[in-house]
Amino acid sequence: MAEQPTLVTITVDGKPAQVPAGTLLIEAVKAAGVHIPHFCYHPRMKPVGMCRMCLIEVEGPRGMLLTTSCTTPVADGMAVHTESDTVKKAQEGVLEFLLLNHPLDCPVCDRGGECPLQDQTMACGPGESRMVEEKRHYPKPIPISDLVLLDRERCILCARCTRFSDEISGDPLIEFKGRGNAVEVNTFPDEPFASYFSGNTVQICPVGALTATPYRFRARPWDLEAVESTCPHCSVGCRISVQSSRNQVLRFMGVDNGPTNQGWLCDKGRFGFEYLGSPQRLAAPLIRNADGVLQEAAWSDALDLVAERLGALAAGGPDVVAGLGGARGTNEEAFAFGKFLRETLGTNNLDAQLGDGLDARLLAGITARGTIDDLERARTVLVWAPDLKEELPVLYLRVRRAATELGARLIVVHPRETGLDPVAAHTIRYRPGAGTELLRRLADGSGDLAEARRALGEGPVVAIVGRPGAGDDPRLAEAVLAFAAGLPGATLLPVTRRSNVYGAADMGLDPGLLPGRVAAPAGTGGRDAAGIIEGLIAGEVAGLVLLGADPVADYLEPARAAAALEAASFTVAIGLFLDESAAMADVVLPALGFAEVEGTVTNLEGRVQKVNRLLPGPAGARPTHEILEDIARRMGGSIGAASAEALAAEMAATAPAYAGITWEALSWGEGRRGIVAPGPAGSQPLVHAPEDHAPPPVGRNLVLHLARVLYDQGTLTQAGPSLAKLARPAAAHVHPEDATRFGIPAGATVRVTGSGGSVELPTVFDPSLVAGTVYLPLHCGASIGAGLEITMEAVS
Amino acid sequence: MTQILTTRMEAHPSDSHTLGRYEDTGGYAVLRTALAGMQPDAIVAEVKASNLRGRGGANFPCGVKWGFLAPSRPRYLVINGDESEPGTFKDRQLLERDPHQLIEGIILSAYALGVHHAFIYIRGEYPRPARRVQRAVEEAYGAGYLGRDILGSGFDLEVTVHLGAGAYICGEETALLNSLEGRRGEPRIKPPFPAVEGLYAKPTIVNNVETISNIPWIVGNGGAAYDAIGPEGSRGTRMFSLSGHVNQPGNYEVVMGMTWRDFIYGYGGGIRHGNALKAWIPGGASAPWFVEEHLDTPLTIDDVAKNRSMLGSGAVVVMDETTCMVKAALRVVRFFAHESCGQCTPCREGATWLQQVLTRIEAGAGRDIDLDLLLDISDNISPGLAWPPAMTTICPLGPSAVSPITSIATYFKDEVAAHVHGGGCPLG
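Chains A and B are the protein sequences, given in the same order.
Residue 887 in our numbering sits at position 609 of the first sequence; the count goes up by one each step and never skips.
Residue 83 in our numbering sits at position 69 of the second sequence; the count goes up by one each step and never skips.
Read the hints as simulated data drawn from the structure, not as lab findings.
Glycine included, each C-beta is placed from N, C-alpha and C at the ideal position.
Be aware that a few hints might be false.
One-sided excerpt, in silico: chain B residues whose CB lies under 10 Å from chain A [stated by the list, open to error]:
#	residue
1	A181
2	I183
3	N192
4	G196
5	R198
6	H352
7	C355
8	E363
9	A365
10	R374
11	G378
12	G398
13	W401
Please model the entire structure based on the sequences and the hints provided.
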């Protein structure tokens, strides 16, 4: 429950009103039901009082004072006038000034129809222009990044975009230049607006000065259909509005959900909708024919074949078949997948992750689990995790806010510089493999870690903990969490990226878990992802069901995954694309995806939110739960998946942690912000004890730091043209000392050899690394496996 | 005739700016006495008793401003030497000809205010004054007047000289602070006022060069002695920069209270070529103009304010009968449009629009409705066209652009109409 705000009494246009104390007049007056027009004011940014649109009169000791309501704090007894002749004249005057140089090209402006300048001109503006002089002219529009175009003629210089970039995202790449009538927003020469958050400026621009290339000229806003949903790109679970026209998604807009995204989105989330309409989407089932070629087939034939082959294999024993995936769809799909594997196929070989995340028992059942909003109250924040800016960008924004606006002391532990380093009080670097030793020193507060340790002694502490790199042992994260749990007022957020991995864990897609955050009975057995892949190679597992998973691309040892699929006697892949793994399958079944199915998802806090349907999807694709039910029926069973809603009702009734979290509850009022599922049910407590972890010794050889970047070669990223072009080619990041040691000149090509292969890459010097470490971006087309120890040599 | 600020430079024109001459003529003696025997509060009390009003333009009582300084530390003293108001050139002389007088004033003020770091912000177009001040600061460090443990008193003070980059708006104190911090020179929203949250968000006193140059005399002679000079409300002497169509333009240190007639015809030696006086700007380009009917108004802060203008920064610009009032207004408006920081809408758009309409009238393309249009644009910048001006803007720069409009609308309506109907300036 939110705390009840203290109220003060003010008079608005002669009527008394009780409004929250400590707010700005513009908000206080809004609480009293009066809207004040404004452009520069934005509730998530500091007020600047620049546009002067929100002028109102306040009674003062020396008579009426015309003042900007966005910069004036409310005080008890204040009397304000929002509709006096003076106020109306001032507001009309400001609008006339704003329109003097505005091009009024509304018919060809993306913003036309949803434009604050249009709307407020209608409400408060003059009917006609009195200016007979020529307007200000600029070339229009100019691209300021691959995604954003700038039209300076439309700009009303409200500084929302520049403030967002400076205050919120921390990459001030757009700025005001010039002065007086020649002030303009622009980028610096040779420095494009290459921010991961640039799309937010397009959304908050009160005119059409900033437009997004993926949406430009694609629709008129009144033609758009919209539904509120949850972004499918990572586990932060940002609230979005999905907007489409003629069954094509045209844009995602951020919805201000206070506990999570506060209105912001990252560009990957915002522009990552294009894959849904990709011509590469699977539209018909595929069956591998006698020549070994995948060929389009009828649904009935494909389902018959899958049922027959899986049925035959499953008869050979519970260990012979296995399932991977389920972390990218809805909870309902994950729940159906679990039932299909456990009840229909009778196997406990199942894993929603591909060995690249954290122990699922930790994701589902950690005690003292925090929420993102705990950051609002944190005194100290520990981030020992992936670079949040690259993997969980909006969580990065929230941590950054805590450090810059709310005075929290931030401690970042990572093998190299991260996006949060500029706002961190302490940045601690370590060599992958040496994390346990570092943790011991941090816990002791020894040497140069004394200050950081002292900060950790001042709560409340929020600890955001994950695997900084793919090569880091996941048990290190558990040890860090165990340490953090003992800090004062600590709340813990174990983080991993894949969008619904928390929901999948909650739905029991792990050998050790049952739906609803319940531990599987001791001795249940079953293989996890690594066990399944090695089992397939060893011939102990023969049949594989993939649900939205692409181990050949995403498993940290891709060569092992490829060998496993090669060795499998039967593989069926259910998904949206013919990805690398599906291309090796025997049967490929096209599924409906985001915005095409209804359901729920669970974010990294355990917050359950609704996703909604807006589109029919490709004609030949079907909902996952229907596909699984049809296979089950052909095998003589049923998973009871009459509909996704029926599955949801069954979850709400049977999965302890999800008790009562129904679609209905998530669709209205406060429920639209999501409901944080309570911790493990009392009857079956699940406290995951970290295991001792001794890293392998590292000699004078190099170690690998393998970590994700926001734009990579991932299927969904590459299936949309806007994001695909943002992915940069891989490079080996080498510490300058190592470059000297290995005789590598700047920009030279090196051969890097690791546990899973060898690649040649250009080098980049990266002094932020600890010497002896080489950083490679994951999923950027250069795969050498994830083993810690690697070798590197210059290529002539 | 009483002189406080210009005695030394008049007696020793060749070297009044040097430390040697300053010390020879009694300089830094007040500082020695004060640091040896005066409590900081006693200095504040003398400044309050002097009734010295700020010389930067707003004429705010200096002692009262000092009293607003918030208790937290560190706190800063910033000297506003960004003298950019057209027609104002008095601080230039004080900086260039008697920098040690200013520095002694700074040290005394800093000691009084508990400040250990002071900044002198000098407009970028003043290279010689800046060099002189920089040299004087170095001399003062060398002689132990600045730095650690000044004259064995235990009081420490650092002084930093900073050059502006050519923007008029940086004379506005909060824009100056932004500029000093390395930000765009844009005024801040007040409150918070600098005395509470100023430079680097710390309590800061911003005082004009001339204001602080008076401090050594006030501390040396006592606040009561200063308060005994000149009429009530306009105590002490004051530097006026007299320019335009007078026979003897220049800086004059005067005791206020005389009439404008005495100042313009006495100090200024009358109008050039024996021409008739048409109008004058009594206190810098921001001030509404005076005309013949004001000649017998006393030259004091309050009498000028009563007549809906201001003494401002002490810049008096005289215009004779040959001056086109539309052109003169355009010249002033163009200055403010050019110098608008561009931050807030009414100033950025309004000042340029005023300039465009005036340009049209001046070029002979005016319409009958244009004067009303000019006044209504002005009203949207400065509602009610009252004095002192109300404003829809963040700072007073926007309303400053309105002053020439109201001036010509009040006194020279016929001349505007003659432009409209005669296809240009009737004066040729």
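A quick look at each hint next to the structure:
1. Hint on B/A181 holds. Least Cβ distance to chain A is approximately 7 Å, under the 10 Å limit.
2. The interface hint given for B/I183 is met, as the beta carbon of that residue sits about 8 Å from the closest beta carbon of chain A, less than 10 Å.
3. Taking 10 Å as the C-beta contact cut-off toward chain A, the hint placing B/N192 at the interface is violated, the least distance being around 12 Å.
4. For the restraint placing B/G196 at the interface with chain A, the shortest Cβ-Cβ distance is roughly 13 Å, beyond the 10 Å limit, so the hint is violated.
5. This hint holds: B/R198 has a C-beta 6 Å from the nearest C-beta of chain A, less than the 10 Å allowed.
6. Contact between B/H352 and chain A, as hinted, is supported at the beta carbon level, the nearest pair being about 6 Å apart and thus within 10 Å.
7. About 6 Å separates the beta-carbon of B/C355 from the nearest beta-carbon of chain A, less than 10 Å, and the hint is met.
8. Annotation: interface hint on B/E363 holds; nearest CB of chain A at approximately 4 Å, less than 10 Å.
9. Because the closest C-beta pair between B/A365 and chain A is about 7 Å apart, less than 10 Å, the hint holds.
10. Because the closest C-beta pair between B/R374 and chain A is about 7 Å apart, less than 10 Å, the hint holds.
11. The restraint placing B/G378 at the interface with chain A is violated, with a minimum CB-CB distance near 15 Å, outside the 10 Å limit.
12. Checking B/G398 against chain A: minimum C-beta separation of about 8 Å stays under 10 Å; hint holds.
13. Because the smallest distance between the Cβ of B/W401 and any Cβ of chain A comes to about 14 Å, over 10 Å, the interface hint for this residue is violated.
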